[in-house]
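In case you want the letters, here they are:
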Amino acid sequence: MEVAHPANCIGWRAVRAHAYLLHRERYNHGVRSLLALVFLWPALASAQSLTITAPAAPGGGWDQTARVMQRVLAEIDPGSNVQVENVPGAAGTIGLARFAQSERGNPDALLVTGLVMVSGVIINGSPVSLSDTTPIARLTGEYEVIVVPATSPYRSISDLVAAFRTNPGGISWGGGSAGGTDDLLIRLLAEQMGLPASTVNYIAFPGGGAALAAVLGGQLSAAVSGYAEFAGQIASGQLRVLAVSAASRVAGIDAPTLREAGINLDLANWRAVVAPPGLSDAEQTALIERVTRLTSSRQWQAALAQNGWDDLSLSGAPFRQFLLAEQARIEDVLRRLSATNHDTPASLAVAITPLSVPYAIGTMLLITFCGVIIRSAVARPQFDRVGRRMAGSIGLALLLLPVAFMSLGFVIASTALFALVAGSMRGASPRAATVAIDLLVGAAFSIALFTLFTGGLGVSLPSPWFL
Amino acid sequence: MGELLNGFAVALTPSNLLWGLAGTTMGTAVGVLPGIGPALTVALLLPVTYGLDPTAALIMFAGIYYGAMYGGSTTSILLNTPGESATIVTALDGHHMARNGRAGAALATAAIGSFVAGTIATCALSLTAPLMVKLALAFGSADYFALMVLAFVMVTTMLGASPWLGWCSLLLGLTLGFVGIDGLSGQSRFTLGIPYLLDGIDPIIVAIGLFAVGETLWVASRGPEVDGVLPVRGSLMMTAAEWSRSWRPWLRGTAIGFPLGALPAGGAELPTLMSYAIEKRLSKHPEEFGRGAIEAVAGPEAANNASAAGTLVPLLTLGLPTSATAAVLLAAFQQFGLQPGPLLFEHETALVWGVIASLYIGSVMLLVLNLPLVGLWVKLLAIPRHWLYAGILVVASLGAFSVHRAAGDLLLMAIIGLVGFAMRAAGAPVAPVMIGLILGPAAEQHLRRALAISQGDWTVFLTRPLSASLIVVSVLLAGWGLARSATRNKIEA
Chain A
72 MEVAHPANCI GWRAVRAHAY LLHRERYNHG VRSLLALVFL WPALASAQSL
122 TITAPAAPGG GWDQTARVMQ RVLAEIDPGS NVQVENVPGA AGTIGLARFA
172 QSERGNPDAL LVTGLVMVSG VIINGSPVSL SDTTPIARLT GEYEVIVVPA
222 TSPYRSISDL VAAFRTNPGG ISWGGGSAGG TDDLLIRLLA EQMGLPASTV
272 NYIAFPGGGA ALAAVLGGQL SAAVSGYAEF AGQIASGQLR VLAVSAASRV
322 AGIDAPTLRE AGINLDLANW RAVVAPPGLS DAEQTALIER VTRLTSSRQW
372 QAALAQNGWD DLSLSGAPFR QFLLAEQARI EDVLRRLSAT NHDTPASLAV
422 AITPLSVPYA IGTMLLITFC GVIIRSAVAR PQFDRVGRRM AGSIGLALLL
472 LPVAFMSLGF VIASTALFAL VAGSMRGASP RAATVAIDLL VGAAFSIALF
522 TLFTGGLGVS LPSPWFL
Chain B
1278 MGELLNGFAV ALTPSNLLWG LAGTTMGTAV GVLPGIGPAL TVALLLPVTY
1328 GLDPTAALIM FAGIYYGAMY GGSTTSILLN TPGESATIVT ALDGHHMARN
1378 GRAGAALATA AIGSFVAGTI ATCALSLTAP LMVKLALAFG SADYFALMVL
1428 AFVMVTTMLG ASPWLGWCSL LLGLTLGFVG IDGLSGQSRF TLGIPYLLDG
1478 IDPIIVAIGL FAVGETLWVA SRGPEVDGVL PVRGSLMMTA AEWSRSWRPW
1528 LRGTAIGFPL GALPAGGAEL PTLMSYAIEK RLSKHPEEFG RGAIEAVAGP
1578 EAANNASAAG TLVPLLTLGL PTSATAAVLL AAFQQFGLQP GPLLFEHETA
1628 LVWGVIASLY IGSVMLLVLN LPLVGLWVKL LAIPRHWLYA GILVVASLGA
1678 FSVHRAAGDL LLMAIIGLVG FAMRAAGAPV APVMIGLILG PAAEQHLRRA
1728 LAISQGDWTV FLTRPLSASL IVVSVLLAGW GLARSATRNK IEA
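So the sequence lines, in the order shown, correspond to chains A and B.
When you number the first sequence by the numbering used here, it's gap-free, plus one each residue, and the end is 538.
When you number the second sequence by the numbering used here, it's gap-free, plus one each residue, and the end is 1770.
It is possible that part of the hints are untrue.
Simulated crosslink set (SDA-like; lysine to any residue; CA at most 25 Å straight-line) [said to hold, decoys possible]:
1. B:Lys1656 with A:Val512
2. B:Lys1411 with A:Ser223
3. B:Lys1656 with A:Thr222
4. B:Lys1411 with A:Thr222
5. B:Lys1411 with A:Ala299
6. B:Lys1656 with A:Ala514
7. B:Lys1557 with B:Met1514
Hints were generated in silico from the structure; no laboratory data involved.
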């Protein structure tokens, strides 16, 4: 495990800021036209919209938090349009990076986050951290459960722990991303038992939901995750809960705590929401109010009870302080773990690293490519002069398009592209009359698309720099 | 069965019916227009359907997929330019029928055959999908990896002029798929230090680049237009003789199309070719083949629709796309935060069965859209070619931009488009790029997970019966493909 080098982060941020200035768009919100009546409109446009990014695969804890928020917000505010977007992987840091990058300054976006992301940022050396977002509120907490399939020989946590002590590598644990709460719990468990962290065989899945299929299929000895992710299968008897990671027994979960089995360990997986960077104080306050209205609603409390989540709501400045403290604490825990586990990768005993397969495939690509060239298996099509000129000018226009798009705006760039492509495809040398017609048709088409997208679909397109 | 009925309740709500109609209409239109296919259309629509209810959007996308299989035949028959790669075979005899004044009958047997095949294959889908789901739960990471390897081998062996070119396409897709942050470790790979690449290469941009830009450049490079559209002549009614010559090919086409579509063989091209070959062998008039035999239209048209339904079986139950369109559909599911696979049937019962039920309804809609209204679709071909492709490129660049609102995506689209053009010029198939791009990262994760579970023991792929048999089949197939190409080269030399 490796901790992010501060210089990397700063360098990356500078590059990103530069890229951002280059890509800066001027939005035109003024155009709302008749074309908005096109049939796509009613389903897409709405008064108050909110996009909640769940940085995990569906079925995971962050996803469930986002979906419950979506449902409750729709109930307490029927006019609102709340969307959930899943961006899974790498302890949520992929979602975090995308969120901080593409939602910057958007006051109608929230990212579900939590303990897992705090540690994920550190472990993965993510260039974007939670400090790059605007803290809004902590919402819930959930304790971890250790489950085994109903057919498992392990009847109690003592059985499992005994087997783990005898042959640490023989027990395959499954759960969420490497370095997440699930992983942390198992590594802390190993530490408590005096087993070196490098012997732990922990298998990371994109989310608890993905680990579910593997534990049900009997491919894992045990799975670790929040209770809610296994609730359905526990109720139906497909999974058996061996232990819960709370300090004292949790109502509704029929399992002893780890402390009862003599392991001095408890861990809560808190979840929170943050907003994109670059918000004004007013926008931040509005979002906090919106989330507070959510957490104080009757429906939210009912949902908490139903999912077995504890209410840990905390917003504004106190939450900001909590977040800072938690970041410091997690970094400390991970340092201690990585000290005992310095050179070993997270997925142990495995000969392949994250780079082996890509390099192998890349090498094979080069070899095959050279092979194809040498064997001349390539059929050589004969292009006539006209065709070559036609394709060449279109290709050149496309390569220049990004610059035109961002400086001249969508309408002008697209009109030019349209006329150029149409002119080339006509084949004959251009005449004033055909060029004029192509420009007119292209302009009409581009303006229609621009109006439809900005007015009807709410997709902002770049305007010319001089407007 | 109850689930399917509930699915009909979902699909028959007025708004979902409307989305189904929108999808089938658009699908027919893009099927008719050469140069735009279902994969591209779905890719272009993904960014704008983002805010839509997932069920509605997926019903529309499924309609586009089915519709394109119908619409493609129109262009093949009347223009001798297949609108879709799946209707290349149709053009062989369909266009001759049109020149013989039997355009009406050719269009009718294509549409009715598509309806018959679509309906039967959708029934087969409803019956086999739940069985596949049960089987899929037994799939571990090792088995998934072996299955994906088989998919890679089949796609490269079945498509394109030479397996070397197929492998080259696939490896290109795989390499592109590894760009970005690794899902298991969080390490960045192949990003060349460019922050833009940290997010990975979006399959939607690649689909737009390969299919819209690559195709436009390719058409442009062939020089100015030559083909003309034949008018629809002859009655749309088929004669009794034509009916009796059509119904068996429809059924045989369905029987070939559905299972081959479900196999990871890269789409509808193979089933249509097989159907043509079988009809020719069984026909009492083999001499008519190539000069306007109705069986040669009826069989392949049924086969391509049945294969569309077949493709949905592995897509929905295993999350395994077997054609370029299926790969884009998988991206569509993922956009809505849905992961096709056995658990999808458990968690999103209403959505899955709603989409399946919409396919039954879509088949009926398509019959109505395509038989009486065929004259209307032909008018689409009156759009001048230079405006059509100019419009496609404008819409393509708009679609690529609206995915992330990033100018970098436009540059990527242009570069991928040029690569796609080069691949077409070299005779390399483009579908393996999409399949590799989408399945590659998943296959790699399954490989690493399988090895983590086995504690680094590589024999895990040979000790599990499922994975062992899949690996053996893959190796045999790959060997056969390469050997076949070697002997073919020797004969040519």
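Hints versus structure:
Of the supplied pair hints, the one linking Lys1656 of chain B and Val512 of chain A holds, its CA atoms being roughly 19 Å apart against a limit of 25 Å. For the hint pairing Lys1411 of chain B with Ser223 of chain A, the CA-to-CA distance comes to about 21 Å; that is within 25 Å, so the pair holds. A threshold of 25 Å between alpha carbons decides the hint, and for Lys1656 of chain B with Thr222 of chain A the separation of about 64 Å lies outside it, so the pair is violated. Restraint check: the Cα-Cα separation between Lys1411 of chain B and Thr222 of chain A comes to about 18 Å, which is no more than 25 Å; the hinted pair holds.
Note on Lys1411 of chain B and Ala299 of chain A: the hinted pairing holds, with a Cα-Cα distance of about 24 Å set against a maximum of 25 Å. A hinted pair counts as satisfied when its Cα atoms are at most 25 Å apart, and Lys1656 of chain B with Ala514 of chain A qualifies at roughly 23 Å. A threshold of 25 Å between alpha carbons decides the hint, and for Lys1557 of chain B with Met1514 of chain B the separation of about 24 Å falls inside it, so the pair holds.
When each numbered hint is compared with the structure, a violation occurs for hint 3 only.
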